[in-house]
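Given the sequences, and given the hints that come with them, work out the whole structure.
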Amino acid sequence: MAFSSFSSNGLAFLLLLAVALVDSARGCVFYAGGKYGWVLNPSESYGHWAERNRFQVNDSIVFKYKKGEDSVLVVAEQDFDSCDVSNPIRKLDGGDSRFVFERSGPFFFVSGAPGRCERGQKLAVVVMAVRRPRWPPVSASPVLPPTPASSPPRWAPQYPPLLPPSATLPPESSGAPILSPTPPPTLPTPTGGTSVPMPSPVPAPSDPAATGAAGITSAKSVLRTLMIIIGISLVDLQQINQAKKRLIPARYLLAM
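Those letters in the sequence shown? Residues -27 to -1, 1 to 229, by mature numbering (1 follows the signal peptide of the UniProt record, and there is no 0).
Derived from the structure by calculation, the hints contain no laboratory data.
In this text, all values refer to a predicted model and were calculated from it rather than measured experimentally.
Check the hints yourself; a few may be wrong.
List of simulated lysine to aspartate or glutamate pairs, DMTMM-like, C-alpha gap at most 25 Å [stated by the list, open to error]:
| id | residue 1 | residue 2 |
| --- | --- | --- |
| 1 | 95 | 24 |
| 2 | 8 | 69 |
| 3 | 8 | 43 |
And the structure:
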């Protein structure tokens, strides 16, 4: 149902469009002088009547008059100005004459009856040119110049700064800080023999795990130092005993 309604509406629109196209191709019809026709001294002058109308190509103009009493002459502009009817371009004398504008530009009409052109029975019509839609010119896309092939940028190699010979790189930190060992001071022995190194002070760690590890290391160092001291003391005692054994016979000899 909807399709049939749409089809009927579409056909009606196409018919109206066709009629409009035919009418536009056929043009409009104008009556010179309006309802009074082609007469002498009409109520509206021919000049004013022509100015308020717009004429286009394929339009036509009708001159209504009585056959045998008047006629219409198509003349040149200079003959129109001077009312010279001796050399018309075209003559219309059949009564209710019809003239079709087949081109744009000015057209000049005068009465063929003697003395009427001089009294104002003449008409000048300007037909407008056909205006076709002006499409904007298609501009070609600008051609860009080829870009020169650019080589990739060369980056200067960046080397790390050289350190002086005396400088050393710090070790990477992994948890507890690693301290460089410092040589412990030595204590003189009673006999002037082997020196006993003193345990180096252990810095306080910053976290509990480091504190435990440092404490174990410190305890081991203290035990190791004590064992060394005890061993040295035993050695010194043995040397003292041996020295005493040597001194005893000497005392006996001195006593004798």
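These are the hints, each one checked on the structure:
1. 95 x 24: holds (14 Å)
2. 8 x 69: holds (13 Å)
3. 8 x 43: Holds. Residue 8 to residue 43 sits at ~17 Å (cutoff 25 Å).
The structure shown violates none of the earlier numbered hints.
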